[in-house]
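Enquirer: Model the full assembly from the supplied sequences, consistent with the hints where possible.
These protein sequence lines are chains R and A, in that order. Here the working numbering is used: the first residue of the first sequence is 1, the next is one more, and so on. Here the working numbering is used: the first residue of the second sequence is 1001, the next is one more, and so on.
Since the hints were derived computationally from the structure, they do not count as laboratory data. Remember, predicted model here, so these are calculated numbers, not experimental data. Be aware that a few hints might be false.
As the list claims (entries may be wrong) - Derived coverage of chain R by chain A (criterion: at least 3 residues anywhere in the stretch with Cβ under 8 Å from a Cβ of chain A; other residues may be distant): (1) 21–29; (2) 35–43; (3) 54–61.
As the list claims (entries may be wrong) - Short derived list, chain R residues pointing at chain A, Cβ under 7 Å: (4) Val4; (5) Cys11; (6) Ala13; (7) Gly14; (8) Ala17; (9) Ala46.
Heads up, the beta-carbon is just placed ideally off N, CA and C, and yes, glycines get one too.
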Amino acid sequence: MKVVVDEDRCCGAGSCAMVAPEVFDQREDDGIVVLLDAEPTDGLRATVREAADLCPAGAITLGDA
Amino acid sequence: MTTTHSAEADAPEFPMPRAARCPFDPPPEAKAKQEEGPLARVRLWDGRTPWLVTRYAEQRALMADPRVSSDIRRPGYPSPAPVTGEGSKISFILMDDPEHARLRRMVTAPFAVRRVAAMRPAIQKIVDDLIDEMLAGPKPVDLVEAFALPVPSLVICELLGVPYSDHDFFQDNSKVMIRQTTAVEQRQAAIGALAAYLDELVGAKLTEPGDDLLSGLASRVEAGELTRAEAAQMGVLLLVAGHETTANMIALGTLALLEHPEQLARLRDTDDEKLVSTAVEELLRYLNITHNGRRRVATEDIEIAGETIKAGEGIILANDIGNRDPEVFADPDRLDVGRDARRHIAFGFGVHQCLGQSLARLELQVVYSTLYRRIPTLRAATELDEIPFKHDGAVYGVYELPVTW
Ligand code: HEM
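Expert: Pasting the structure below:
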């Protein structure tokens, strides 16, 4: 699984960092998304999908690796 | 064309009343509209007939749609109450990007998940101390005044750098501000008083900065990134949003649990942090305290669910019934603290989704996992039909909740 984030779209709601902290974090200065792992393991598939679904700004895109 | 016209002529009044015996459920008439279809017309206090969007899927899609504006200054905006339309006095919750994003990003960092998580011990102490005081005091006691309001007020004061000793002043003005039945002049006066108060505080932080959010804003004012009026306006938004909402979730959530003793028992008898957090999400979904819908206006024609929302038309996303949509939540009217309700839209959706959600979640997790354990015999000291509900509030809840143990 490949993860792409769009910092311009991100509104810093933090849903991704809540459900999948192994993959997403937030910048110290403005709370905008930081992608920690662009190719998470299969074990994280479900939580990363949930993070993308919950993102209110549509800032997370998933693709096949 | 004719159908649209008659739909507008027959549009029922909105907000709609709840059923007398079901204070936790959305209005039956709204649920009936949801069953009929995803879009309806409703009539507002000023005679306007905006669209009411009734179902979760369409609500989520529209809240995330860039052709849908939050800008109260646009003519078609379906305002919940009279406004005087002074453009300079609105905060970013009523603005669109890029203006909204510029301001929101200035105050997002302190609400980030990890930053908020670090506040857990401080919040736990606030909650424990207030419960100690309650247990040592007389009973029955009003849970709203003794606990539900002080918890989030103390927390947001600490985060913003507002002296808690001023709580009578800002709580009273917040109350006036968000009561839907407040006269325009009164609302303006309350907002004005809060803005003047925050302006003074920002001024004080300019000379004596601390380690708080308002000091951060003051330094941006100094750097020329922000006007002092904008900083004060953001301060008002954060102070009001930061305590009114969570306070209502604490008191109304407690009452809902007392009315569902088997659900309360599950929460009280668990050590499982996961169950506590699913319970918080479920109560947010079930109670959906922002009960008058998210207000928007279309900036372009939007085709949705076989209808066209025309540019300039008002839109109300009724997230209370969206959160009871049977397509998304099985048996939606049942409170089940173990269900996975994380997809709820009680914090809205789109770029305006609640900025304080991580903080609200943490406060509620600490409260729900502490209050009923420390006072296992907690009960309402009055009958359900004696309790004054905030039917007229921008945020739903109870005005008071006498409890004993
Ligand atoms: C359980 C408690 C809470 C609930 C149910 C709640 C609900 C909401 C909702 C539904 C919105 C979206 C408004 C819209 O789309 O029109 C919102 C926005 C907002 N909330 Fe909350 N909120 C809560 C707690 C908090 C707290 C603790 C804060 C802390 C300061 C806060 C600050 C804000 C702000 C600043 C916005 C505006 C965001 C924007 O426009 O970008 N909220 N909230």
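Enquirer: Now, for every hint given, state plainly whether the structure supports it.
Expert: Taking the hints in turn, this is what the structure says about them:
For the region 21–29 of chain R, the stated coverage by chain A is satisfied: 6 residues place a CB nearer than 8 Å to a CB of that chain, which reaches the threshold of 3. Figure legend: the region 35–43 of chain R, annotated as covered by chain A; annotation inconsistent (0 residues with Cβ-Cβ distances under 8 Å, at least 3 required). Given as covered by chain A, the region 54–61 of chain R passes the check, having 4 residues with a CB less than 8 Å from a CB of that chain where 3 are the minimum. Because the closest C-beta pair between Val4/R and chain A is about 18 Å apart, greater than 7 Å, the hint is violated.
For Cys11/R, the suggested interface contact is upheld, since its CB lies about 4 Å from the closest CB of chain A, less than 7 Å. The interface hint given for Ala13/R is met, as the beta carbon of that residue sits about 5 Å from the closest beta carbon of chain A, less than 7 Å. Taken as an interface hint, Gly14/R checks out: its beta carbon lies about 4 Å from the nearest beta carbon of chain A, inside 7 Å. Annotation: Ala17/R was flagged as interfacial toward chain A, and the flag holds, the nearest CB pair being 4 Å apart, inside 7 Å.
Evaluation of the Ala46/R hint against chain A yields a violated restraint, the C-beta minimum of about 12 Å exceeding 7 Å.
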